[in-house]
Amino acid sequence: MSEEVLRIRTPIGIHYQYSAGPHTSSHLHGLMDGKFIGKRCPSCHLVYMPPRNGTCAKCGVLLAEDVEVGPAGTITTFCIVNVPFLGQTIKIPYVAATILLDGSDLGIQHLIQEVEADEVRMGMRVEPVWRPREEWEPSLSNITYFRPTGEPDADFESFGGHL
Amino acid sequence: MRDVAIIASAQAPNLVSTTATPVEMLMPVVDQALANAGIARSEVGFWCHGSCDYMTGQPFSFVSAVDALGAWPPIIESHVEADGAWALYEAWLKIQTGEVDTALVFGNGRSSSSDINRILTLQLDPYVVAPLWPDDRSIAAIQARACLEAGIITPQQMAMVAVRNHHHALTNPYALRKGDYTIDELLQGALVADPLREHDCPAHADGVTAVVIAAGDAARSISAARGSRPAWIRGIDHRIDTQNLGNRSITSLPSAELAAAKAGVGNDKVDVAELHAPYTHQEVLLVAALGLVDSPDSSTSINPSGGALCGNPMMSAGLARLAEAASRVADGSADRAVGHASSGPWMQQNLVCVLEGE
Amino acid sequence: MTVAERCAVIGVGQTQHASCRADVSIAGLVREAVDRALLSAHTTMAEIDAIVIGKAPDMLEGVMMPELYLVDALAASGKPVFRVHTAGSVGGSTAIVAAQHVMSGVHKRVLTIGFEKQSDGNAMWALSVPLPFGMPVHAGAGGYFSPIIRSYIKRSGAPSHIGCMVAVKDRTNACLNPYAHLHEPDWTLEKAMESPMLWDPVRMVETCPSSDGAMALVLAAEDVADAHDGPKAWVHATAMRSEPTQFAGRNQVSPQASEDCAQDLWRKAGITSPIDEIDAVEMYVPFAWFEPMWLESLGFAPKDQGWRFVEDGVTEMTGKLPVNCSGGVLSTNPIGASGMLRFGEAAMQVMGIAGEHQIDSVRKAFGHAYGGGSQFFAMWVVGADKP
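Protein chains in written order, with our numbering: chain B, 1 to 163; chain S, 1 to 358; chain W, 1 to 387.
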């Protein structure tokens, strides 16, 4: 043999089945209905949207009551993404923000559009822009992005505790 | 060395598959284990768990388990990419250092997320073995074939193991497969990976096991308050063999033998042995490696739970064997029990734990 | 009251870290670090009682539980082999678990390894496999942490050049560390401020690389360490804390778990003023702004003042509290090894074997690792004297 074999390529293909689990059902059905449904913790009374695993991670108990939140919200913090990577489907540069929907106590991560990246601010008021109804799935990707509502920015005190 | 005991445990019924998330599966079992121990979350000194990213199909998949624990205020917690039995070992070590007195350990996993037999292929040498994609059954079958050809095992013995475990499983509410069979009817079954038949292969399952351990006085007072007997860990050890087929005999289990010797299995009689042998031929090898006797006259009861053959929730099946062995000591049906956990192809890695009542 | 056995680091070894070690297999990479650690410890494979291995998600290499495959390479047949996985903090927590193997009184000589050969797989994919039901917006870890950094900057009033100052320091320090992945000697603050923004406010120069690498330590019980004729670093204290990923009102700038972990560590180590009693720090800074954030969270600097330490040169090699003389995670980041690199480099400073990036007279050093969504913390204090 004249050539050394230094590397081999071994493709790995595995199919997985992922479960949302029963406790996020009402939230996912809500998204199919154009609504943001969260759940309230019976112990600390805070509202989680989405209700990850249906639990309050802090109290270690199952979330109980369904609570509708939003649709508008406040940007608590954000970044401007400028780096391409495999699997990314959005054109760069884009703004990824944490948005605290009105009535929710936990922010969600989503995109901000219809505003220049350098004009996005912490405290900016935003609202969702939904995909066409026929494209809806049980997923937060039913919202293409959030855009400014034009309202005055929220006071720092109203969201500072969520940073 | 500090005296440490298993004082409580809980298991989820093994399911062929569940649509619950790992967190949803875990929460009730953790709650039950705490309730069985009679302690609150805040009284747990250390949390340790075992699970596997490739099984879940997600990197960092253990992180969501932390969300099931009510980890607030922040907790002392750690994770092993292995069966929960190894999480128990880490917790036992930590208690030995004196840093904590109690620990809750668990293992969880959903074998149904994917084709578990194929996932396990990824444990093999990535350069020369895994690319051939021998699945887990084929790997086990190679070992069974070697044992048959060496005259160590007969198909009847393998079927007997299956008959015994399925019968025992009738009284185990967590087991997945159970029933009364005869050797002859099992041997009629089709080969799935020659020489293995369906009954020789584990019933893969989704499941969770949680165990509470505590040191000395804490174990005594907690158990007394619950009216149960602590299962004292008198010996615990784990060892590993090479995975290289050319370098090891697969008709014996050297690491299991060594771990059993280090844990002191042979120091006294063994009333109950709970062995994590997913395949029937492996149970036969393991009994020999641990120096146990498997015969009608023997006073050792092998796998009264039905073992991993009748319910193999990967990442918690080993811990479940330790929990079952401890339960036999706790309820008084055994004074001395052995719990065993295994990992890797051809029972590559083995953990042995000797438990005694006071 | 149970008193733990004493434990010391008697050997340290690491690989030549690089973006792609195509010249070695996974076993070869691990052995490069292990062989150096054994040499450093004046010991052999045969004398090792137990092996504790840590690494991050196995998708990074495409091998499930690679410790099983590594048994031959590590002469581990017949020994206990233990695998830790605590996300990014894993290198640190692995060192702690390994120390516990000794401190429990069970083992005398423990070999511990942290490694990642992430060029073997597709690292960015492996770290953010897209899952259903959610909305993928993150461009990896940078996209997750930069909004948190933005919060710190706003809250503390820090000037915008602080991140670049840390980046220049760490990359310059790395030039004194032959093993570091990045050797970039020409950084200045001006050049750094022109580095492209990747996830505003985080620039490219402020971001860690993706590396292949391994770190190995030999930990010994007191009698073995006493008999060892080379330098040693005694483990004074270890601490770990975890908190949930997400819950309403979570402080991600200075997580409670980070503060609790540090307080627990200082208490166990008998340290009342970290800034005065610690001589060298190796902390886990994958994005430059985490240096001032962690300085505050760990109790070295008062709240909102960490950035002043950077600006005043406190954390330079010539400063009162040298941070990341090795170049840190910003210069080398094999995920499974990075935490152990911090713990090991802290030990090297105490042992006096850090070569050109050695600080004079280090009596006590601090090693730190974190992981997940700033939720898993592992820390240790090592010292020249017995605890």
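Some hints could be false.
What the hints assert, rightly or not - No farther apart than 25 Å at their CA atoms in a straight line, the calculated lysine to aspartate or glutamate pairs in the DMTMM-like style are these: (1) W:Lys-108 x S:Asp-3; (2) W:Lys-154 x B:Asp-153; (3) S:Lys-262 x W:Glu-5; (4) S:Lys-262 x W:Asp-49.
Claimed, not checked - Simulated restraints, written as ranges between beta carbons of each label pair: (5) S:Thr-171 x B:Gly-160: 56 to 62 Å; (6) S:Glu-185 x W:Asp-72: 38 to 44 Å; (7) S:Gly-246 x W:His-183: 51 to 57 Å; (8) B:Arg-9 x S:Asn-267: 50 to 56 Å; (9) S:Asp-180 x B:His-15: 32 to 38 Å; (10) B:Val-115 x S:Ser-42: 43 to 49 Å; (11) S:Glu-198 x W:Gln-246: 42 to 48 Å; (12) B:His-15 x S:Gln-156: 34 to 40 Å; (13) B:Glu-134 x W:Ser-19: 41 to 47 Å; (14) W:Gln-16 x B:Glu-116: 54 to 60 Å; (15) W:Glu-222 x S:Gly-332: 28 to 34 Å; (16) B:Thr-10 x W:His-183: 28 to 34 Å; (17) B:Gly-160 x S:Ser-42: 15 to 21 Å; (18) B:Ser-139 x W:Arg-308: 42 to 48 Å.
No lab work stands behind these hints: they were computed from the structure.
For glycine and all other residues, C-beta sits at the position ideal for the given N, C-alpha and C.
Consistency of the hints with the structure:
no.	hint	result
1	W:Lys-108 x S:Asp-3	20 Å, holds
2	W:Lys-154 x B:Asp-153	16 Å, holds
3	S:Lys-262 x W:Glu-5	21 Å, holds
4	S:Lys-262 x W:Asp-49	13 Å, holds
5	S:Thr-171 x B:Gly-160: 56 to 62 Å	58 Å, holds
6	S:Glu-185 x W:Asp-72: 38 to 44 Å	43 Å, holds
7	S:Gly-246 x W:His-183: 51 to 57 Å	41 Å, violated
8	B:Arg-9 x S:Asn-267: 50 to 56 Å	52 Å, holds
9	S:Asp-180 x B:His-15: 32 to 38 Å	36 Å, holds
10	B:Val-115 x S:Ser-42: 43 to 49 Å	46 Å, holds
11	S:Glu-198 x W:Gln-246: 42 to 48 Å	43 Å, holds
12	B:His-15 x S:Gln-156: 34 to 40 Å	38 Å, holds
13	B:Glu-134 x W:Ser-19: 41 to 47 Å	45 Å, holds
14	W:Gln-16 x B:Glu-116: 54 to 60 Å	45 Å, violated
15	W:Glu-222 x S:Gly-332: 28 to 34 Å	42 Å, violated
16	B:Thr-10 x W:His-183: 28 to 34 Å	32 Å, holds
17	B:Gly-160 x S:Ser-42: 15 to 21 Å	29 Å, violated
18	B:Ser-139 x W:Arg-308: 42 to 48 Å	45 Å, holds
Of the hints listed earlier, those the structure fails to meet are numbers 7, 14, 15 and 17, in rising order.
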